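Participant: Sequences listed follow chains Y and R, in order.
So that you can map any letter, position 258 of the first sequence is 239 in my numbering, and since no number is skipped, the others follow by simple counting.
So that you can map any letter, position 83 of the second sequence is 230 in my numbering, and since no number is skipped, the others follow by simple counting.
Be a bit skeptical, because a hint or two may be false.
So the derived list for chain Y, only partly shown, Cβ under 7 Å to chain R, looks like this [claimed, not checked]:
no., residue
1, F2
2, G8
3, V214
4, D216
5, T240
6, A241
7, L274
Per the computed footprint, the stretches of chain R lying under chain Y, defined by three or more beta-carbons under 8 Å from a beta-carbon of chain Y, are [as the list claims (entries may be wrong)]:
no., region
8, 156 to 162
9, 165 to 178
10, 192 to 206
11, 210 to 220
12, 282 to 291
13, 350 to 362
The set of hints was computed from the structure by calculation and includes no laboratory data.
Just so we're clear, the structure is a prediction, and the values are computed from it rather than from any experiment.
Backbone N, C-alpha and C define an ideal beta-carbon position, used for all residues, glycine too.
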Amino acid sequence: MKAIEVLDGGMLTTVQDLGRFGFQRYGVPTSGAMDLFSLRAANRLVGNPDDAAGLEMTLVGPRLTFRVPATIALTGADLGARLGDRPVPRWESVIVEPGTVLWFSGPRDGVRAYLAVAGAIDVPVVLGSRSTYTRSKLGGLDGRPLRAGDILYVCGDRPVLPGEALHLPAAHRPVYGHAHVLRVVLGPQDDWFTAKGIETFLSSTYTVAPQSDRMGYRLTGPVIGHLRGPDIVSDGTPFGAVQVAGDGAPIVLLADRGTAGGYTKIATVIGPDIPRLAQAVPGDTVGFERVTLDAAYRAGREQEALLAAIAPARWGSDLARLRKVAAAVAAVASLRQQSDPPIERN
Amino acid sequence: MSQAPRYLVAGDAGLVVEFGDAIDPAINRRVRELFLAIERASLEGVRDLVPTYRSLLVSYDPLRTTFDALRERLSDLEAHVVDTPLPPPRVVEIPTAYGGEFGPDLPFVAGHNHLTEDEVLAIHAGTDYLVYMMGFSPGFTYLGGMSERITTPRLKTPRTAIPAGSVGIAQQQTGIYPVESPGGWQLIGRTPVSLFDPSRNPPVIVEAGDYIRFAPVTRDEYSAIQDGIRRGTWVLPVRSMTT
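Isolated chain R, as found in the complex (with noise of 0.2 Å):
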């Protein structure tokens, strides 16, 4: 029997759901549970969700609900979250070109780790990425489950553009910068595929409770999906997760 969560004053238009305050997966999977029940059950009053690690910010309309009819409701869909099972997790699959001019800290990372830069690469790729959540800029996932074998600090001095799809190291932490922005994660490689894209709708390609698993492939591949992409007859590869 798991813990009751705890609910939050968020303001006068907002709730907060609390299941705890660490980076848990089965924590992360009871903030997701509640997110898709109350998607499905669709609540007056009810403006916008915000799933994050362990937590779920639900942004009410107070002209027409209260905190206490809404943790009413919240608590009445929590208990009886296991009736619905989430379906199986998808696994996306990031095509990405390591090192080279696309990641020119692999040898940084390499060297920190004293590991030559094909080792890097296959615990990296070797690895399915729970994205524990989205935020705090457009199309940016949390992804947990990196190995500590290639945990590498910042850069001392961020740089000021890094271009979109660049896929770097921070700590104990992996990720995707979805558009160019400026920042210090240590470059290890980069995708042609586009994490964030207004025009679409959904926005994204892969969700909260997703995983991303990276696939290695040379710059002739790189080029190809590009190219497919451009001409939309690429298709991203997504599989059911198997448990």
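Same shape as in the complex, but just chain Y (with noise of 0.2 Å):
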């Protein structure tokens, strides 16, 4: 079902899900949500499965238009998403009117934005995923990122609208700013480094380099000393692996990240503290904080019982009114579309 159109990219807008497996032993990386728990929580938000697809939106969000009417949620962050006129709650489910324009004012906290629609993104599933990699110009929509003149389907012949109102209850919704404490746990090849090193790496406040992307955040700081140098045989290269070149400085390898590479990689940042680092801007500050791998198995049944507190919002299933609401935004939105000429790409 044709459900929206892309009137502005924004910076980088692609379609992901929770990644591709069962490639990477061809040398495919996995891509995917960089904020898996944002991208789920979106899902849960509007009725999804966690592994259905939504948009991961960039610092500068895009301009989209609905042609029917949708139930949305936004959530990692703030980009100063509106509907129309009017700010766009995040972290709950939203209903849209068919003509409303969702569109973003400016960058506020964090950089991933996501957005998920009841009945998901429909784009072609490549290797088993509809997660975009846009180095290799695979899945997604065409394999690159949203512009103008995109139109994006929902699945299935009709809209979904939502039995109730869902929300993230507030305290659950992460708060990103710009000192970032990443947890850890050491290895695989921690013993390439020398005692002083670990204790430069685990001690010292890195700052996140402008180079940082979706394949992986480059740190600046302290050197971190090798002891056997930073070169091993290639080896295969987790999520979140920290790798430390000859220059001693510390790369978090992330979603579009290689495969198997030939650098020492001396942590590995825990699954659950990954979206923090996607939600880090050039500038901002990170340091690590070593955790058993028991603490970081209790860290991830936490953020799943985060997700689990996704619950009916407190106007419960009061979905009359929602519409009212949705109704007015949308009016006021097509006398702006009107008015408001789209923001030109350069």
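Could you fit the two chains together into a complex? Lean on the hints.
Facilitator: In structure tokens:
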């Protein structure tokens, strides 16, 4: 079902799901959402399964017109989302009337926002996933970021409206800020570093470098010393691996990382803390805190409990009221659409 | 009796089984044996496997299994891999047109090694190359076994676009560019065969553990194979290695 028209693609908006598994053995990166917590939350808020495809929007959000009524949820970074001239609440399900324009006024907290639409974004499944890997033009919408003129389809032939509005309780919503502490477990090559190198890594504050993207986050700061040099015979690269090459600077390998690499990996950021790094902007500070594997597993279960806390919103199933609000928003949006020229892409 | 592998923590969702830290066919064979054993066993909570030269990254779902539980299962499998011998390796013949516009660096590779172009061709096409692993990008094969007699350094200035199917040499390595990409390898030939195609499953024509043999073809044969691939009539020559 034709559902969304792209008026402007924003800085980097791609279709992502939980990632492409089973093909790393052939050198195909997993890709998938950088902040899996936020994508999964968005999906649950609109009644989708966790692995449904949504949009990952980066810093400067896109401008989208909904052609059909839809239930959506926005999670992750606060990029200043508006439906027409009304701010869109994040971390809860929202009803959108046809003709409404979703746009973003500018980033306020974090980098990557996620949009889930009830029914899920429908692009072809490539090697088991709808995730976009732009480097190899794989998956998503023709393997590339969204741009003006694109049409997005939602699975199925009619709009999915929810039985009730859902939200993630306010206390559970992350606030990102600019100072991040990431928990790590040491390894797999921590024995390739000097004791002082490991101490430097764990006690220093690093800064997110501008050359940070979906492949990895480069960090600058105190040099981490190797015991036996930085080069190993190529080895698999887990999500969140902290690689240290010859210059002694850490790089955290993320969703679009190569499947294998020939540099030592001192530690790995634990799964539940990767979303926090995915929301860091260049200039933010990052510190690493060593935890045991058991503590990491516990943190993972705690994050699952947060997701499980997604519950009916205060107003319960008062869809009629939501619909009225949505209709008013839509009316304003259509006026706005006539008077407001679309943002030109450079 | 071979040495027991090391089980390394790779985060809260990864376990690395490390058989060594060298490029060695015997080590690589053990990676492959365990890889196949895990595939057959379909272990609870295992999400993906990344076999490399000398290690196997096992990605798992920490909500469904743990490092300790997995290590126990894996060492059990590892101890019994000898019970299921590997099938004889496949040798995949890659038709390759050498030199000319398809291999613009063949004269340089020849000159650098004090050989004629025909000698380089004969050496390069005269060996079965083991596919040690695939990565770091889709469909790229890490091949072992190239003769030291045709070793050549990378280009000083990498090319911005190398056509898919280009066959090149970099130091002691040879390989095929699966898709168009920038790169600094010395290009000696090209194959019309597509090494990575996401519309196929599997998307590749060779896998880790296979061997590649480059089969020299003329420009006319190259075009004929290209036509055959387009029409779906050409069949990739694959044979079993007899040892």
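Participant: Does each hint fit the structure? Answer for all of them.
Facilitator: Hints, verified against the model:
1. F2: 5 Å, holds
2. G8: With a minimum Cβ separation of about 4 Å from chain R (threshold 7 Å), the hint on G8/Y holds.
3. V214: With a closest approach of 5 Å, the V214/Y hint holds.
4. D216: At 5 Å from the nearest chain R Cβ, D216/Y passes the 7 Å test, so the hint holds.
5. T240: 4 Å, holds
6. A241: With Cβ-Cβ at 4 Å, under 7 Å, it holds.
7. L274: With a closest approach of 6 Å, the L274/Y hint holds.
8. 156 to 162: Three-residue rule met by the region 156 to 162 of chain R, so holds; n is 6.
9. 165 to 178: This one holds; 4 residues, not fewer than the three required, reach chain Y with a Cβ under 8 Å.
10. 192 to 206: As far as the region 192 to 206 of chain R goes, the hint holds, because 12 residues have Cβ atoms under 8 Å from chain Y.
11. 210 to 220: holds (count 3)
12. 282 to 291: holds (count 7)
13. 350 to 362: holds (count 4)
When each numbered hint is compared with the structure, no violation occurs for any of them.
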